[in-house]
Amino acid sequence: MENEITVSKAELITEVQKMLAQKAMFGTATCLDLDERFEIIYHFELEQGLKMRHIRVSLAKDDTLPSISNIYMCAALIENEMQEMFDIKISGIALDFKRGMLLAKESPKTPLMKGKE
Amino acid sequence: MARTVIPFGPQHPVFPEPIQLKLECEDERIVGVVPVIGYISRGIEKAAELNPFRNNIFLCERVCGICSFMHALCYCQGIEDMMKVEVPSRARFLRVFWAELSRMHSHLLWLGLLADSFGFESLFMQVWRAREIILDISEMTSGHRIIQSTNVIGGVRRDIDEEMAQKVEEMLAQFKELADRSILPTILNDPTIKERTVGKGILTKEQAELLAAVGPTLRGSGVASDMRMTEYAAYKEIGFEPIVETAGDSYARTLVRVKEIYQSLDIILKALSMMPEGDIAVRVTGRPEGEVVSRVEQPRGELIYYVKGNGTANLERLKIGTPTFANIPSLLVMLPGCELADVPVITLSIDPCIACCER
Amino acid sequence: MNWIARSRAKSPWLLHYDCGSCNGCDIEILACLTPLYDIERFGIVNMGNPKHADILLVTGPANHPNYRVLKNLYEQMPEPKVVVVVGSCGCTGGVFHNCPNILGGIDKVIPVDVYVPGCAAKPEAIIDGVVLALEKLKNGK
Amino acid sequence: MPWMLPTIMKNLFSRPVTRRYPYVKRPPFPEARGKLHFDTEKCNLCGACSRICPANAIIVDKEGRTIKYNPFACIYCGNCVEGCPKKAITMDILYSPPAIQKEEEVITFPPSTK
Chain A
450 MENEITVSKA ELITEVQKML AQKAMFGTAT CLDLDERFEI IYHFELEQGL
500 KMRHIRVSLA KDDTLPSISN IYMCAALIEN EMQEMFDIKI SGIALDFKRG
550 MLLAKESPKT PLMKGKE
Chain B
25 MARTVIPFGP QHPVFPEPIQ LKLECEDERI VGVVPVIGYI SRGIEKAAEL
75 NPFRNNIFLC ERVCGICSFM HALCYCQGIE DMMKVEVPSR ARFLRVFWAE
125 LSRMHSHLLW LGLLADSFGF ESLFMQVWRA REIILDISEM TSGHRIIQST
175 NVIGGVRRDI DEEMAQKVEE MLAQFKELAD RSILPTILND PTIKERTVGK
225 GILTKEQAEL LAAVGPTLRG SGVASDMRMT EYAAYKEIGF EPIVETAGDS
275 YARTLVRVKE IYQSLDIILK ALSMMPEGDI AVRVTGRPEG EVVSRVEQPR
325 GELIYYVKGN GTANLERLKI GTPTFANIPS LLVMLPGCEL ADVPVITLSI
375 DPCIACCER
Chain C
150 MNWIARSRAK SPWLLHYDCG SCNGCDIEIL ACLTPLYDIE RFGIVNMGNP
200 KHADILLVTG PANHPNYRVL KNLYEQMPEP KVVVVVGSCG CTGGVFHNCP
250 NILGGIDKVI PVDVYVPGCA AKPEAIIDGV VLALEKLKNG K
Chain D
70 MPWMLPTIMK NLFSRPVTRR YPYVKRPPFP EARGKLHFDT EKCNLCGACS
120 RICPANAIIV DKEGRTIKYN PFACIYCGNC VEGCPKKAIT MDILYSPPAI
170 QKEEEVITFP PSTK
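Protein chains in written order, with the working numbering: chain A, 450 to 566; chain B, 25 to 383; chain C, 150 to 290; chain D, 70 to 183.
Hints are supplied without guarantee of correctness; some may be wrong.
[To be verified] Subject to a maximum C-alpha distance of 30 Å in a straight line, what follows is the list of computed BS3-like cross-link-like pairs (lysine-lysine):
| no. | chain 1 | residue 1 | chain 2 | residue 2 |
| --- | --- | --- | --- | --- |
| 1 | B | Lys229 | A | Lys472 |
| 2 | B | Lys200 | B | Lys283 |
| 3 | B | Lys283 | B | Lys218 |
| 4 | D | Lys79 | C | Lys200 |
To be clear, the hints were calculated from the coordinates, so they are not data collected in a lab. Since this is a predicted model, take the numbers as computed values, not measurements.
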């Protein structure tokens with residue numbers, strides 16, 4: 450993808466703050482399950498949506514991801530969704546549904562993980 | 025003052041779909057909102073990994089029945105982008121035709137629901153009567169009233185011939201006559217509509233940008249952002265200017281949508297007159313590999329598809345970023361400060377589509 | 150008490166519940182209420198209250214988060230009652246048959262009387278389905 | 070509200086727009102998508118329709134020479150009509166009617182002459 454940067458977990462917050470300073474709008478975030486680790490891609494939009502910028506973070510499966518919802522409040526919903534659909538730990542979400550946003554108690558747990566057919 | 029939490033929904037007469045808003049109230053005034061979603065989540069993203077990638081078009085169409093064409097369009101554009109397919113120009117014009125048709129039908133549907141939410145029954149009936157003309161055009165050209173299902177990877181499945189185009193123009197003229205006579209003057213002049221919407225649910229430009237609102241919600245707050253500016257399909261040839269209102273209240277969002285109905289009408293007529301001759305689809309062989317982000321403008325706002333293929337018939341991952349999911353955070357800013365009786369109108373003013381939102 | 154059953158079939162009241170459909174069938178049910186189809190000419194009224202309703206119109210497949218809501222609504226409706234499922238996904242699961250959060254057709258949760266196929270079902274088909282349900286209602290089930 | 074007056078007058082004296090549906094049936098447009106029909110002459114039971122059906126509504130049994138079609142799972146998309154190599158599937162303009170029982174349609178083919 451064009452305009453893509455890969456950052457480490459520690460640099461994520463500063464990088465997102467840079468996007469805020471450039472008045473970028475938050476698009477959405479995608480989580481990928483790559484068997485031995487997770488990959489999270491944050492999609493940002495610049496210049497009123499004409500340009501896109503992607504920030505890719507790689508994360509070990511037992512690691513904790515810092516939430517960006519304290520910078521971009523609107524990321525809270527998508528982070529909740531990632532937390533539910535994947536077995537990923539995200540710390541400090543502004544509005545935490547505790548894995549009860551989309552799935553019910555009886556639903557299959559973390560359905561988007563690989564090998565869960 | 026004592027605070028009470030009032031559950032609004034999940035089954036509420038103004039929404040056809042279940043969504044709950046937990047409203048924290050001080051007397052009649054709202055001070056806090058917590059949205060509760062998830063009543064109709066299906067897990068389409070997982071099913072998309074299990075299906076062959078060509079069948080996913082039909083699954084994506086059923087993420088949301090109202091804007092089904094845009095979902096399929098976005099998915100097909102993503103796959104075409106990944107497989108480096110050049111879509112014939114007639115197909116691109118036909119895509120614009122159906123996309124704008126479904127935008128018109130979606131906005132009219134929403135306008136009817138809004139009128140119903142503040143008890144303007146006759147406007148609701150008039151709007152839905154006009155909408156049936158659009159649905160007839162859709163059935164005539166694509167075979168179904170709401171789920172057009174005409175997209176395939178590499179083009180479209182159905183063609184519009186000369187005779188049909190003429191009929192479409194006649195029906196659109198009929199629609200325009202009806203809209204000019206009853207819908208537009210009522211929206212622009214009626215004091216009851218203004219009473220219920222002007223100054224209600226204000227979202228400033230800064231808030232809208234920070235909360236990543238999309239679509240008419242964003243444009244009603246004065247941000248000229250529309251994915252059609254990225255010139256996908258045939259918008260480059262047809263030309264496009266976004267419609268912007270600056271007030272940021274429910275009335276501004278209503279005006280944006282009403283003007284977009286007329287704009288879509290113009291785009292459809294332009295697309296029909298400019299449509300080049302040629303094939304409507306190219307044969308696509310092979311398997312998708314790589315990753316791509318595809319965006320289109322839905323009636324409710326920007327739709328983002330992230331598609332990752334791994335060279336097999338099944339996709340590795342399909343992520344659907346829908347406009348209602350992006351617009352719900354702005355509700356949390358719009359609602360506090362308003363009165364309980366205004367909640368239905370303000371909630372409807374973002375045009376919530378829960379089926380999209382929860383997938 | 151025959152005349153009660155007869156008059157019930159003359160003016161059935163509907164309750165519509167969206168169980169996770171794509172919205173297509175929901176807006177077609179709404180379209181039935183509007184001038185072109187106008188099911189109110191048969192005395193059919195769309196109700197928000199399950200205790201007032203005779204016919205439960207369900208769209209979409211049953212899923213884990215809301216099958217209990219559906220069961221609740223069904224149990225609250227007074228006898229005799231009929232259930233009409235609108236849309237292919239509500240009948241069998243349809244295109245959502247392999248979604249993880251889906252239980253399947255509505256008949257896995259509550260007994261269903263009439264199935265209306267179609268994706269999305271047309272207003273004509275919905276009217277036909279309700280008329281078929283009225284036959285059942287008239288016979289007191 | 071003077072701008073409403075023409076609309077009110079026009080609607081008062083014009084015919085109702087309501088389609089008197091069960092009594093007067095308006096036929097769907099000729100392009101409408103509806104129920105599937107299998108041509109037993111053309112079909113060679115290859116099973117392509119079953120593989121590309123997004124809703125698993127068609128089950129082809131090659132040994133038993135039958136096709137099971139479930140109109141209550143079919144989403145009427147028309148993918149099979151276009152994907153059939155023998156062009157043996159056609160679409161009606163009407164959906165299958167509402168029913169009390171979910172009944173699958175079983176299309177039996179005459180035994181192979183080859």
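Results of checking the hints against the structure:
no.: 1; hint: B/Lys229 x A/Lys472; result: 12 Å, holds
no.: 2; hint: B/Lys200 x B/Lys283; result: 13 Å, holds
no.: 3; hint: B/Lys283 x B/Lys218; result: 16 Å, holds
no.: 4; hint: D/Lys79 x C/Lys200; result: 40 Å, violated
In terms of the numbered hints stated before, the structure departs from hint 4 and from no other.
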